[in-house]
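**Student:** The chain contents come next:
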Amino acid sequence: MGTAPTILVVEDEPEIRRFLRTALVAEGYRVVESPGGRRADIDARAHAPDMAIVDLGLPDMDGVEVIRSLRSWSGMPILVLSARSHERSKIEALDAGADDYVTKPFAIGELFARVRAALRHAVKTAGGGLVLRFEDAQVDLERRTATRAGEPVPLTPLEFRLLAALGRHAGMVVTHRALLTEVWGPGHADDTHYLRIYMKQLRDKLERDPARPAHLRTEIGVGYRLVAAD
Amino acid sequence: METRKARDYAWAVGAAVACTLAGRAISPPLDAVNVAMVYLLGVVVIAQRVGRGPAITCALLGVIAFDVLFVPPVGALRVEDAQYVVTFAIMLVVALVISELAERGRREGEARERLAVQAESERIRGTLLASISHDLRTPLAVLSGAASSLAQQWERLGEAERRALAATLDREVAAMAGHVGKVLQMTRLESGAAIPVRDWASIPEITAAVIERLGPRLARHRLVLDLPADLPLVRVDESLVEAAIANLLENAALHTPPGTVVHVRGRAGADSIEVTVEDFGGGVADGDLERVFAKFERGDMEAGGGMGLGLAICRAIVALHGGRTWAERVPAGGMAFRFTLPLEAAPRVPAEPVNA
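For the protein sequence lines, the chains are C and V, in the order given. Take 1 as the starting number for the first sequence in this note's numbering and just add one per residue. Take 1 as the starting number for the second sequence in this note's numbering and just add one per residue.
Incorrect hints may appear among the rest.
As the list claims (entries may be wrong) - Derived DEER-like restraints, expressed as beta-carbon distance ranges:
1) C/I108 <-> V/A151: 17 to 23 angstroms
2) V/A285 <-> C/E110: 52 to 58 angstroms
3) V/E328 <-> C/V25: 37 to 43 angstroms
4) C/I108 <-> V/S133: 27 to 33 angstroms
5) C/I108 <-> V/S191: 29 to 35 angstroms
6) V/I195 <-> C/R39: 56 to 62 angstroms
7) V/R107 <-> C/E110: 19 to 25 angstroms
8) V/A151 <-> C/E110: 23 to 29 angstroms
9) C/R88 <-> V/A151: 37 to 43 angstroms
10) C/R45 <-> V/T187: 40 to 46 angstroms
11) V/L225 <-> C/E110: 21 to 27 angstroms
What the hints assert, rightly or not - From the derived model, a few chain C residues whose C-beta atoms are all more than 12 angstroms from chain V:
12) T3
13) I16
14) R21
15) M61
16) F106
17) R116
18) A165
19) R168
Just so you know, the hints here were simulated from the structure itself, not pulled from any lab data. A virtual CB, placed ideally from N, CA and C, is assigned to each residue, including glycine.
From just these sequences and the hints, can you work out the full model?
**Tutor:** Here it is in structure tokens:
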């Protein structure tokens, strides 16, 4: 990336918009601001940003609608800002095409981490081949091989597919429903217990401390997030 | 409600029977007129003590019994005898007037009682408000001091002072966000707005997520996890149970000396799973084991930091899932906070071959 990535910030509260702009510009990003949902689409078409940050609590338009309309024509990563304890609206936003979320109130470091993961994802999707690197394990998704400290680790076909589904969105959250649909099929979209069992198996096989996983993270009430080493 | 009504009318019938028996006892020496007075007395008592409907019933039964048993020819009902219609009419009026007066008295008594209850809850609310406002005002004072200092004295402050003030803001805001979050969660739980969204969840997984989220707040304690690999899944609202466990861990970190061990244990019983957070702090007196779960109740006032909502939130969440929360002193000193969650038979997951 030669030039600084441009980020569209869709936020009605001027105070939050100002602090987001200040913080993001200080990190070296270019920022375009939209004061509401209706403007978001126009601003996105006019500035062709590399990603968008959308507050779910917009007064003029449902945040989920904003995401749907952006997603209808743009593949850019969309990061959602949502209030705590509103799991349902988070999940709706993710199902509508958002890639990740940050819960308000948040520390700025958390927002930067999400923004970096989202922008990296956008580059990687254009790339291809995927190798997931853990602390002392490594998974080659294309060759379907896994090793730990040099020794091969036997993984089942479904374990590979689950890792691939998480790996394609590395650094970002993937909802229970999205994982179940992708790995087990649409008929199993509500079989959350499959995920609980398989995530435990994967952690036991790949995490250094399965009881406190560093890579296969739980997003309470929403889904899972794979955090791989760069 | 229905059984109460039935009981009231039984009283009315009982009173009529009692009056009849009393009338039989006094009737040979005394006149039939005096027997009528006995019935009137019965009607007055029922009207005053029980209510209008039963009093009318008692009057009606009384007049019929009086007519049949005491007015010659004994054993026959002579409705054409006009004077007993008058007797009945008088009894009816007495029943209505007395029951109305008694009802008014009862209503006034209830109103007085309601007012007393209201005053008591006002008083409790006042104490809570005082407690909340103290807990929120202190960090707010620190925040506004640090922020206004940065805003107004920027040039006069050295680099190091600015950094220190900014760090204070960062830390105090995080604490404040925690307090406000707890007050909001308690409010949601109490108002019944927190409807659990149940799905299969894993206690070890939730515990790991709690530890990850609380991070620095647990860093000064040594955490030991004892969660068996074969612990069954539970069907719960994952976010709420996360909050329940988080509150127990925060509580342990807040009330025990740094460097001590905090144990998280999980155990499956026949029909429930039991989660324990055990600490090695001072513990509380036996008499306070139940009190610690009350809202705004803090083990020790000087320990500061907490609002005394954590354990109350934990208990409310567990109760919402049909579980139980309690505290025990542990022999080694310190406390064990335990809660249970009901177990349901988990659906099977099809086995799958490993492609080695």
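**Student:** Quick check on a hinted range of 17 to 23 angstroms for C/I108 and V/A151, using CB atoms only.
**Tutor:** 19 angstroms, holds
**Student:** Just checking, C/M61 versus chain V, shortest CB gap more than 12 angstroms?
**Tutor:** 25 angstroms, holds
**Student:** Indicate whether the distance between the beta carbons of C/R45 and V/T187 respects the range 40 to 46 angstroms.
**Tutor:** Because 42 angstroms falls inside the window, the suggested range holds.
**Student:** Return holds or violated for the Cβ distance of V/A285 and C/E110 against the range 52 to 58 angstroms.
**Tutor:** At 41 angstroms between Cβs, range violated.
**Student:** Return holds or violated for the Cβ distance of V/A151 and C/E110 against the range 23 to 29 angstroms.
**Tutor:** 25 angstroms, holds
**Student:** Between C/I108 and V/S133, does the beta-carbon spacing fit 27 to 33 angstroms?
**Tutor:** Since C/I108 and V/S133 have Cβ atoms about 30 angstroms apart, the given range 27 to 33 angstroms holds.
**Student:** Measuring from beta carbon to beta carbon, are C/I108 and V/S191 in 29 to 35 angstroms?
**Tutor:** 33 angstroms, holds
**Student:** For C/R168, is the shortest beta carbon distance to chain V beyond 12 angstroms?
**Tutor:** 21 angstroms, holds
**Student:** Taking 12 angstroms as the cut and beta carbons as the points, is C/A165 off the interface with chain V?
**Tutor:** 16 angstroms, holds
**Student:** Decide, holds or violated, for the assertion that all CB atoms of chain V are farther than 12 angstroms from the CB of C/I16.
**Tutor:** 14 angstroms, holds
**Student:** Is it true that C/R88 and V/A151 lie within 37 to 43 angstroms of each other by Cβ?
**Tutor:** Given about 38 angstroms between the Cβ atoms, the range holds.
**Student:** For C/R116, is the shortest beta carbon distance to chain V beyond 12 angstroms?
**Tutor:** The claim holds: C/R116 sits with its nearest Cβ about 19 angstroms from chain V, beyond 12 angstroms.
Hint compliance for this structure: hints 2, 3, 6, 7, 16 are broken, all remaining hints hold.
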